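Chemist: With chain A's structure known, arrange chain B on it following the hints.
Chains as they are written, first to last, in my numbering: chain A, 803 to 1000; chain B, 27 to 233.
Simulated from the structure, these hints should not be mistaken for lab results. Certain hints may be false.
[Claimed, not checked] Each computed DSBU-like pair below joins lysine-lysine, with the alpha-carbon atoms no more than 35 Å apart:
id, chain 1, residue 1, chain 2, residue 2
1, B, 68, B, 230
2, A, 885, B, 230
3, B, 68, A, 810
4, B, 230, B, 82
5, B, 68, A, 885
[Unchecked claim] If we take Cβ atoms under 7 Å as the criterion, some of the chain A residues that face chain B in the derived model are:
id, residue
6, 823
7, 833
8, 868
As the structure is a prediction and not an experimental result, all values here were calculated from the model. C-beta atoms are modelled at their ideal positions from N, C-alpha and C, and glycine is treated no differently.
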Amino acid sequence: MSGSTTNKGYPYPLLTDFADVQDAYRLATAVDADLRADQAPFRAFEGRPSFVVRQTSNGSGYLSGNDYLIFNAVDWDNTGGAKVGASSWIQPNGQAPSWWMFGATVLTVPISGTPVVGDLVEGRIQVITTDQVSNLATTTYSTQRNDETNTAGEWVNVFTMAAIYRGHVSAVLELNGSTQKALSAGSTFWGFYMGPVT
Amino acid sequence: MAYLRRTPYQRIRYPWASDVVSVSDVQSMANDIDQAIVNTQKLSSDFSLMGSVIAKRNAALSLTKGALTAVSFDSITLNNGSDSPLANGNWWAAGNPTRLTAPVPCVVLASGFGGVNLGSALGVNGVIQVTIGLNGGGAWVQGNKFSPISTVAGQVWSSALSVWPLNAGDYLELKLYWTGTPAGPFNTDTVIPPQLSLSMLALKSVS
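If we strip away everything but chain A, and leave its shape as in the complex, we get (with noise of 0.2 Å):
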């Protein structure tokens, strides 16, 4: 095969060419190679990687420290990183650092005792980053506080974006109080991509 379209170089063989079955499979190979690549950047946009999870059912009570979200269920991901059960998700590791956005509506439900109004109540976005150097992993942590109403349960709303690079994200659950509170079923964990870190 010695010839090949003008524009795209698809490869095609001449007349003086012995006819080879195999000509077939480079120009579909070639056609297929640059439409993905023409495809790629509508694909980014269309494609975000983006992932929504819940919990479905409440979590233990506590009085103070923090507890995770867990991945119940898994509503949206497209990027790998949401997996049944996990608590965290994952940055794909072929990854470069990237901008991402990540969210979370917090929600409690009172375990045992009446609430007591003014207890603490954070929800918490939790960040782990790698350095792609040192190989040093860093956290950190977004943080909205709504603290106790005795209505009923209390709704945290949380947000933040962050460079990530090999990065673990989870929300979290902050009390402290003087009554048993939990992570309520209906928590809800997203995140989506932005853009590369340059």
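Modeler: Below, chain B without anything else, positioned relative to chain A:
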């Protein structure tokens, strides 16, 4: 006809080395290349049609104490691509004024925002809640709830960001809730009115 193999991405059929090639093999290959180019053209045309919409409630809406109230929108301030089946021509319709309905399967970023004009302070157990809910029921909601300072009256707001995977026909609503010591009802704020904004992040069909 040969037993045809396919390329990895566009699924273009082609005969392999040990095959006896027939005319139909070339036809299959040509048809697959044709379809691959059509698919590429569709990605290209859809690229500019990722929809977005901003819906507001300018007129005062009465909010009963303790009732989660869906906001009926009376102003659609951004409605781009109204002729596009992909975009938001049908996101909102006057017949269902509380709903923003997905015209195609997609993932959206939804920003919900709501203000309440408190005629009197809510007291120590008062809360304001903004909710973005899927398909009317309470099965899946995202939002934010907080307690204003107990002595504050007048305008109070809350907002929330959320992401939703939607099927065609799924709809999102903005709902507001308040409770506290006063009997109410209170109106939504008309100076900075309630608003629900959606922007497509991704199409489920593209991977």
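Chemist: With reference to the structure, classify each hint as holding or not holding.
Modeler: Hints versus structure:
1. At most 35 Å may separate the alpha-carbon atoms for a hinted pair to count; residue 68 of chain B and residue 230 of chain B meet this at roughly 14 Å.
2. Restraint check for residue 885 of chain A and residue 230 of chain B: the C-alpha separation of about 18 Å stays at or below 35 Å, so the hint holds.
3. Taking the CA atoms of residue 68 of chain B and residue 810 of chain A, the gap is about 20 Å. The hint holds against a cut of 35 Å.
4. For the hint pairing residue 230 of chain B with residue 82 of chain B, the CA-to-CA distance comes to about 27 Å; that is within 35 Å, so the pair holds.
5. With a C-alpha separation of about 31 Å, the suggested pairing of residue 68 of chain B with residue 885 of chain A holds against the 35 Å cut-off.
6. Restraint check, residue 823 of chain A versus chain B: the minimum CB separation of about 5 Å is within 7 Å; hint holds.
7. Hint on residue 833 of chain A holds. Least Cβ distance to chain B is approximately 6 Å, under the 7 Å limit.
8. Below 7 Å, beta-carbon pairs count as interface contacts, and residue 868 of chain A has none with chain B, the closest being about 19 Å; its hint is therefore violated.
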